[in-house]
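J.: Sequence:
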Amino acid sequence: FIAILPLLGLGGVQLFKAEITGPQKDKITPRVRETAKRLWLLYVAFTATLTVCLWLAGMSGYDALNHAFTTTSTGGFSTHNTGVAHFQSPTIDYILIFFMALSSVNFSLHYRFLILRDKAALFSTELKWYLSILLIASVVITFTIWEPGTQGTLEDSFRESLFTVICTASSTGFTNVDYMPWSVGAHFIIILLMVMGGMSGSTAGGLKCIRIVASMKQLAKELKQVVHPNALLTVKADDHSIPANIINAIWGFIFLYFFVFATLTLILVYQDLDLISASTAAFSALSNIGPAFGELGPYDNYAELTGTSKTVLCGAMLLGRLEFYTVLVILTPEYWRK
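In the numbering used here, the protein residues as written are 1 to 338.
Hints were generated in silico from the structure; no laboratory data involved. Just so you know, not all the hints are guaranteed correct.
Straight-line C-alpha distance at most 25 Å; calculated SDA-like pairs for lysine to any residue [unchecked claim]:
#	residue 1	residue 2
1	Lys221	Ser183
2	Lys128	Thr234
3	Lys119	Ser132
4	Lys128	His110
5	Lys310	Phe259
6	Lys310	Gly297
7	Lys37	Ser132
8	Lys37	Leu322
9	Lys217	Pro229
10	Lys221	Ala186
Computed spacing ranges between beta-carbons, pair by pair [stated by the list, open to error]:
#	residue 1	residue 2	range
11	Thr49	Ser89	16 to 22 Å
12	Val184	Leu331	35 to 41 Å
13	His240	Arg117	19 to 25 Å
14	Ser241	Gly58	48 to 54 Å
15	His86	Phe188	44 to 50 Å
16	Leu275	Val44	39 to 45 Å
17	Ser89	Val327	34 to 40 Å
18	Ile330	Gly185	37 to 43 Å
19	Arg38	Gly185	38 to 44 Å
20	Pro229	Phe143	42 to 48 Å
Backbone N, C-alpha and C define an ideal beta-carbon position, used for all residues, glycine too.
Generate the whole structure from the sequences, applying the supplied hints.
T.: So this is what it looks like as structure tokens:
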């Protein structure tokens, strides 16, 4: 849309700003349309590389192509009812883990590192936080579900945990293992990852890691300001101060996310879903995950939901996929008049 709309005389820059309501608006090139083209080519290269890797790992050409499509886009659909678990291949699991993580990283960082050879991209504030969160969550869940002396090994538990953590945070939603029997603590971590999602500028859904990081830093700043009322404090990311208007936009986005979440949950509860199923389905739809909890776990589906439930979840998925502000901007008459 960003690449095509300028041809119709519509504002690509406004959509670009609405899509990335965080402190990072990396356009790569001065022209938004040219930026979109370069990121698109990078996207195609990732998809092609993943297709070859999955084919070499034992998938048929058809399965490899389809899973590459749904991994790079973090869509998560599979050609088999049991999802990725159908292949029973640790190699395939690790390949998908790597590319799910890759697709949930800001694509402008990929461009800077792979094309421009800018090593500073590896030290991005959001990237360091994001990878740290994924690693910590994976290790914690591993030792939560691992039972020494049982048939599964520590490596099995780690791979299952890592796969679930990354496919949730990246909003891919592949099915590799049934996490419903896991502990409440593991479930809680997975729900938090649903809300967070991936990085800004990626194909992942969710609030995005940079918004979480910026809001946490803003909270820390406010607490310090109470203790030192005369101090001049700023919120920084990548050694740059985040403007106050961006912080306000982030808090507005977070409020909007949870307001829509509460509304969706209320509607789904009144459509005869239990609270766990309704609330996690709302999170799952808004963050574009797929699987939820309760009646809508990884080996269940949404087929039995009422028409009303499916309709509101469709709207939630659209809002989450396009970012709330993007949809609201497009629906604003002033945007089209401009």
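J.: All the hints need checking, so say for each whether the structure fits it.
T.: Hint by hint, here is what the structure shows:
{"no.": "1", "hint": "Lys221 / Ser183", "verdict": "35 Å, violated"}
{"no.": "2", "hint": "Lys128 / Thr234", "verdict": "20 Å, holds"}
{"no.": "3", "hint": "Lys119 / Ser132", "verdict": "19 Å, holds"}
{"no.": "4", "hint": "Lys128 / His110", "verdict": "14 Å, holds"}
{"no.": "5", "hint": "Lys310 / Phe259", "verdict": "19 Å, holds"}
{"no.": "6", "hint": "Lys310 / Gly297", "verdict": "16 Å, holds"}
{"no.": "7", "hint": "Lys37 / Ser132", "verdict": "31 Å, violated"}
{"no.": "8", "hint": "Lys37 / Leu322", "verdict": "18 Å, holds"}
{"no.": "9", "hint": "Lys217 / Pro229", "verdict": "17 Å, holds"}
{"no.": "10", "hint": "Lys221 / Ala186", "verdict": "31 Å, violated"}
{"no.": "11", "hint": "Thr49 / Ser89: 16 to 22 Å", "verdict": "18 Å, holds"}
{"no.": "12", "hint": "Val184 / Leu331: 35 to 41 Å", "verdict": "40 Å, holds"}
{"no.": "13", "hint": "His240 / Arg117: 19 to 25 Å", "verdict": "21 Å, holds"}
{"no.": "14", "hint": "Ser241 / Gly58: 48 to 54 Å", "verdict": "50 Å, holds"}
{"no.": "15", "hint": "His86 / Phe188: 44 to 50 Å", "verdict": "28 Å, violated"}
{"no.": "16", "hint": "Leu275 / Val44: 39 to 45 Å", "verdict": "42 Å, holds"}
{"no.": "17", "hint": "Ser89 / Val327: 34 to 40 Å", "verdict": "39 Å, holds"}
{"no.": "18", "hint": "Ile330 / Gly185: 37 to 43 Å", "verdict": "40 Å, holds"}
{"no.": "19", "hint": "Arg38 / Gly185: 38 to 44 Å", "verdict": "42 Å, holds"}
{"no.": "20", "hint": "Pro229 / Phe143: 42 to 48 Å", "verdict": "43 Å, holds"}
Checked against the numbered hints listed earlier, the structure breaks hints 1, 7, 10 and 15; every other hint is satisfied.
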